[in-house]
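Just so we're aligned: the sequence shown equals residues 1 to 276 in our numbering.
Hints listed in this document are in silico derivations from the structure and should not be mistaken for laboratory results.
Glycine included, every Cβ here is placed at the ideal spot set by N, Cα and C.
Certain hints may be false.
Simulated DEER-style distance windows between Cβ atoms [unchecked claim]:
1. Pro192 to Arg104: 23 to 31 Å
2. Leu21 to Leu52: 22 to 30 Å
3. Pro241 to Arg183: 48 to 56 Å
4. Thr14 to Ala249: 47 to 55 Å
5. Gly235 to Pro50: 14 to 22 Å
6. Leu33 to Pro192: 32 to 40 Å
7. Leu21 to Pro192: 17 to 25 Å
8. Ala111 to Thr46: 50 to 58 Å
9. Thr46 to Gly133: 32 to 40 Å
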Amino acid sequence: MKPLRSMATRPVLTLAVLWVLLIAVLALLAPMLGLPDPKQFDSSATAQGPSLSHPFGTDPVGRDVFSGVIWGARVSLTVGAVSVAGGLVIGGLIGLTAGFFRGRVETVLMAFTDVMLAVPALILVVFIVALRGQSLANVLLAVLVVSVPAIARVSRAQTLVATQHDYVTAARAQGATNLRIMRREVLPNVIPPMLSFSFVAVAIVIAAEGGLAFLGLSVPSPAVTWGGLINAGRGDLDTTPQVALMPAATMFLTLLAFNLIGDALRRRFDVRESGL
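Based on the provided sequences and hints, a complete structural model is requested.
Laid out in structure tokens, this is it:
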């Protein structure tokens with residue numbers, strides 16, 4: 001009940017959670033909401049402002065901006081959730097192994113993450129997408145690759161903290177195997193802070209995908225993305241500002257909400273960032 005009471009006393013956090021839930025539900029149910037096709041032109045409704053029929057207005061060729069924002073959320077949230085989930089599994093395992101066994105294992109694994117982190121993330125993502133082609137799968141792969149090293153560093157730091165506890169020493173004294181100690185003693189104490197970090201990671205990934213879409217390197221048409229909508233509307237800011245501002249505002253609020261939730265969970269679980 002403590003998390004619920006904490007949310008009740010922190011309205012900003014409550015609003016952040018509600019916003020993420022709202023965006024996630026709308027994105028999930030988009031095919032069943034009866035929204036206009038975000039790529040369909042309507043010559044009778046060009047460059048309209050917000051109204052009951054078009055809550056976010058329309059662009060210069062009559063496409064519904066609200067529909068585009070909701071369908072764009074599907075791509076952004078999919079990239080964020082799937083790539084971070086994969087990063088948690090792969091990077092989390094690398095960090096757990098390095099932090100638990102130390103020695104040469106840690107040296108080799110952390111050297112790998114250091115090399116990956118030395119390459120600018122944007123350059124690496126652009127290289128992978130350019131090499132393999134534009135598709136949702138390749139964008140997911142590119143973002144997953146750049147997320148693994150950072151997640152591995154956080155996982156290692158949390159593992160180093162967990163292995164210092166007395167219950168780990170006691171388990172070793174009782175003859176427990178390394179695998180059992182990792183699974184029963186260390187992992188349950190690493191997962192909660194890693195989950196708190198994952199919310200911040202999702203925000204970073206969504207922003208990265210938006211940047212790729214803005215550059216025309218994300219999921220190709222006919223898929224709709226927030227970054228693509230912003231890029232499409234930036235040339236008409238003087239006549240139809242809502243085309244770029246609405247997806248930009250939605251992305252901003254979503255990133256802010258994920259960061260607020262992640263920060264609250266970080267304080268709750270006392271995520272250690274030293275030694276990263």
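Okay, the hints, checked on the actual structure:
no.	hint	result
1	Pro192 to Arg104: 23 to 31 Å	holds, 29 Å
2	Leu21 to Leu52: 22 to 30 Å	holds, 24 Å
3	Pro241 to Arg183: 48 to 56 Å	holds, 54 Å
4	Thr14 to Ala249: 47 to 55 Å	violated, 20 Å
5	Gly235 to Pro50: 14 to 22 Å	holds, 20 Å
6	Leu33 to Pro192: 32 to 40 Å	holds, 35 Å
7	Leu21 to Pro192: 17 to 25 Å	holds, 20 Å
8	Ala111 to Thr46: 50 to 58 Å	holds, 57 Å
9	Thr46 to Gly133: 32 to 40 Å	holds, 34 Å
The earlier numbered hint that this structure contradicts is number 4, and it is the only one.
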